[in-house]
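Whole structure, please, built from the sequences with the hints as guidance.
Just so it is clear: in the sequence shown, position 159 is 159 by UniProt numbering, and no numbers are missing.
It is worth saying that the hints were derived from the structure and are not from the lab.
Treat the numbers as computed from the prediction; the structure is a model and nothing was measured.
Beta carbons are placed, not taken as given, at the ideal position from N, Cα and C, and that holds for glycine.
Accuracy of the hints is not assured; some may be wrong.
Claimed, not checked - Quick list of simulated restraints, FRET-style, between CB atoms:
1. Arg225 - Asp277: 34 to 42 Å
2. Lys234 - Arg4: 40 to 48 Å
3. Ser50 - Lys260: 42 to 50 Å
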Amino acid sequence: MGVRVYATVKVMGVAPDPSLHHKLYLFLRSYRDWTQYIIDQIWSCDKIPSMRELHSRFYGLLRSMGFRAHHCHKIERRAKEIVKSVKKNNGSKPVLKKLTARLDYEDYKLDLESKTLKIAVLDNEWVIVKLKWYSYINKYLNSDWKLKEILVSFRNNNIWVYLVFEKQVIPRKLRTVMGVDINFDNVTYTILDMNGKLVTMGTIPFKGLRKALHYKKLAEKIQKRYPRNWRYVKWVRRVRGRWLRRAGNILRDTSHYVAKKIVGIADEHDSVIVLEDLENIKSNNNGKRFNWRIHFWAYRRIQEYIYYKALMRNMLTVFIDPKYTSKKSPIGGKLIFLNYKYVKLPNGFIVTRDLIASWNLALKYLQMKGSKWSMWSPNSPLREGMKTQPKRGKPVQTIPKITIVSKR
1 MGVRVYATVK VMGVAPDPSL HHKLYLFLRS YRDWTQYIID QIWSCDKIPS MRELHSRFYG
61 LLRSMGFRAH HCHKIERRAK EIVKSVKKNN GSKPVLKKLT ARLDYEDYKL DLESKTLKIA
121 VLDNEWVIVK LKWYSYINKY LNSDWKLKEI LVSFRNNNIW VYLVFEKQVI PRKLRTVMGV
181 DINFDNVTYT ILDMNGKLVT MGTIPFKGLR KALHYKKLAE KIQKRYPRNW RYVKWVRRVR
241 GRWLRRAGNI LRDTSHYVAK KIVGIADEHD SVIVLEDLEN IKSNNNGKRF NWRIHFWAYR
301 RIQEYIYYKA LMRNMLTVFI DPKYTSKKSP IGGKLIFLNY KYVKLPNGFI VTRDLIASWN
361 LALKYLQMKG SKWSMWSPNS PLREGMKTQP KRGKPVQTIP KITIVSKR
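What follows is the structure in structure tokens.
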């Protein structure tokens, strides 16, 4: 059984004729305004109307405004989705500002040779948009990927087109398990075979959060200097925005780098990737310093990137409750906590709690799958090796022989 995967490509568009540019703007504005109109009409309803009720109530009105049949369907569905989502979160009535429209394949025509896009607008007119093409988009144009709906957006007098591709992925048969523990300053992984024997483990540094927090602190400092009027002073608002954008870019790039490394190692060992289910982690109150860091922590983004990149390689990703994974010994017995970071296993080997967590995540998955795994310790006479940890703050090892695997 396959898994459906979506990939969205952002492309800038240019209308060759100013009149076509204006027609597209009028269409997007009408699309937004009539979506807002339907939201206003159904907001006070005790029960959100079904698509059949919305269609019978608003279809004729939308058609009389010049929209095509598929435009009407998309507007009605979009209005219902927004109302349902906002009411679920107990929010106030939404007010739409962005000029964005979703279009089915019946309402656009993409010419790959000339790199142009024809978009159906009001009154059955068509607008031609020239796309700024990028070479990486060509990998989505093979037979495996199919172009589905597109999103057309108008921002700062520029046209942006989002091409949504779909692919059916059949997960391949995997022979090992990789437990992944995401932390503030690193991402640790442990790979076991299906019998629970250790294959390898390691740490990937994650320096993006520390750099991003630095820029966030700069933005907060300049905001504190002008606590009342920072929103209205142009240069203050611009500098603050620049720091926050830079922080966001650092987190995004670092998350891509870490996810690519994790998926590459998992692909090399044919591993199922086991991630932590951190859904309620932000609800925990662990002090001012911890909360200040965790609200800028990109753990969910890293997990999404890992999940997506793994699917692209036909690999599975599962989420498991991480409770007590850094406090239990993966080889039986009790852990000896040397400090906040390092622990000693019952066999005397010293590792970080992060590696213990990733190890236990992999074992949890094997328990869920019902594998007959056996306890294995790092000093077992097998060829599998372990990666050493940084020397800073690490207690002295007591195990005489450890096979070292070259760093990736």
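To see whether the hints hold, each was checked on the structure:
1. Between arginine 225 and aspartate 277 the beta carbons are some 41 Å apart, a value that agrees with the proposed interval 34 to 42 Å.
2. The hinted range of 40 to 48 Å is satisfied by lysine 234 and arginine 4, whose Cβ atoms lie roughly 46 Å apart.
3. Between serine 50 and lysine 260 the beta carbon distance is about 43 Å. The supplied range of 42 to 50 Å therefore holds.
When the structure is compared with the earlier hints, no violation turns up for any of them.
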